[in-house]
Amino acid sequence: MPSLMQFRAELHVHTVVSPCAEVEMIPPLIIQQAIENHIDLIAITDHNSTANAGAVMKAAEGTGLTVLPGMELQTVEEVHSLCIFETLEKALEFQKVVDLALPSLKNSPEHFGEQFVVDETGEFIRREERLLIVSTNLTLTKAWLTVNAIGGLFIPAHVDRKAFGLIENLGFVPQDIHLSAVEISRHLNSRFAVNKYPQLKGFTLIKGGDAHRLDELTGANQFMVESRSVDEIKLALLHESERKVVIID
Amino acid sequence: MNLKEIIDNLHLEPVTVPRNFAEITPTCGYTSDLLSCVMSGAAHQSIWVTLQAHINIVAVATLLDLSAIIITEDAKPDEATIAKANEEGINIFLSKEPTFTVVGKLWEMGLRCQ
Chain A
539 MPSLMQFRAE
549 LHVHTVVSPC
559 AEVEMIPPLI
569 IQQAIENHID
579 LIAITDHNST
589 ANAGAVMKAA
599 EGTGLTVLPG
609 MELQTVEEVH
619 SLCIFETLEK
629 ALEFQKVVDL
639 ALPSLKNSPE
649 HFGEQFVVDE
659 TGEFIRREER
669 LLIVSTNLTL
679 TKAWLTVNAI
689 GGLFIPAHVD
699 RKAFGLIENL
709 GFVPQDIHLS
719 AVEISRHLNS
729 RFAVNKYPQL
739 KGFTLIKGGD
749 AHRLDELTGA
759 NQFMVESRSV
769 DEIKLALLHE
779 SERKVVIID
Chain B
575 MNLKEIIDNL
585 HLEPVTVPRN
595 FAEITPTCGY
605 TSDLLSCVMS
615 GAAHQSIWVT
625 LQAHINIVAV
635 ATLLDLSAII
645 ITEDAKPDEA
655 TIAKANEEGI
665 NIFLSKEPTF
675 TVVGKLWEMG
685 LRCQ
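Protein sequences appear in the order of chains A and B.
For the first sequence, the positions run 539 to 787 when the working numbering is used.
For the second sequence, the positions run 575 to 688 when the working numbering is used.
Nothing false has been slipped in among the hints.
Under the rule of at most 25 Å between Cα atoms (straight-line distance), these lysine-lysine pairs were calculated in the PhoX-like manner:
1. A/K772 with A/K680
2. A/K700 with A/K739
3. B/K679 with B/K650
4. B/K670 with B/K578
5. A/K680 with B/K670
6. A/K680 with B/K650
7. A/K634 with B/K650
8. A/K680 with A/K700
9. A/K634 with A/K680
Selected chain B positions facing chain A (Cβ under 7 Å, derived; list incomplete):
10. L609
11. S610
12. M613
13. H628
14. N630
15. V634
Computed list of chain A residues with no C-beta within reach of chain B, every gap over 12 Å:
16. D637
17. P647
18. T659
19. V672
20. T742
21. S765
22. R781
Hints in this document: simulated from the structure, not taken from any laboratory.
The C-beta atom is built at its ideal place from N, Cα and C for all residues, glycine as well.
Go ahead and model the full structure; you've got the sequences and the hints to work with.
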């Protein structure tokens, strides 16, 4: 019998490198708000970028909050998926693949917003010059295979949303990828999700805050696992070895 | 008008197994890249024009019994998609032109939805 513990997780958090995030989304404020909201683990998932993940991890050192590095990838089908890793090294390995798959378009801050790379205190380091909110040329299948090969979590994001959601763009979950979970947006009550979207029947659901502002750090996922790691989260999403995840709507 | 005339007129490249396209008569057209919209909006026997090349397009075409899918802007379906389309008997054609042009040409040829 494993000794299991409960923790609360928010697996979808943006920082100021996402052009659509508020300027308050800097490492110390994200950490402070997550702790105030009794969240134990967050994943940093900026659009096609891991640039600020390391800074948030550093800012969380000694606080008791676990920070996993990741990104919200946009595949060629215009579908968003969370790609979450155990270590920064693994996240950066994935970033290399994404860098090659991003079109060389320059961000236009007046149209899309600023893309700031910051340090652990939130101090400005540089602007990310490439446009991040754009489709990479990675297919959903290729992205899923690549994230799996690096040992990460691959979770299609806000599948119920009209923009960049899997159901709207692809109609239903493709059969050639095997998902441990899909994310529903914070606006959808998980109890009604399958009723509204029968395509989701049989999939483990998690709920994402898709936090672009501090007050969107909801932490609606209660995990029952042995430790706060990607492998344990995977087991919980698959409901294996008594691990589990429950959504608190 | 039949599928063969459309293929010749629009210089479409077939990527699925050839069949007697002159025997297939599309009765309507539809365009969208959002598969959920296609599922609820496209009429049976339609020609569907899209730049979405994901494997799910085959299931949607099968579900609606579409005459053909034209994938535009030089987007390429992968081998699994083509294999699935052949298995399901779905006709897929490629065009280098943008969707706007392809749909315009279909309209010019007289394709309408009854």
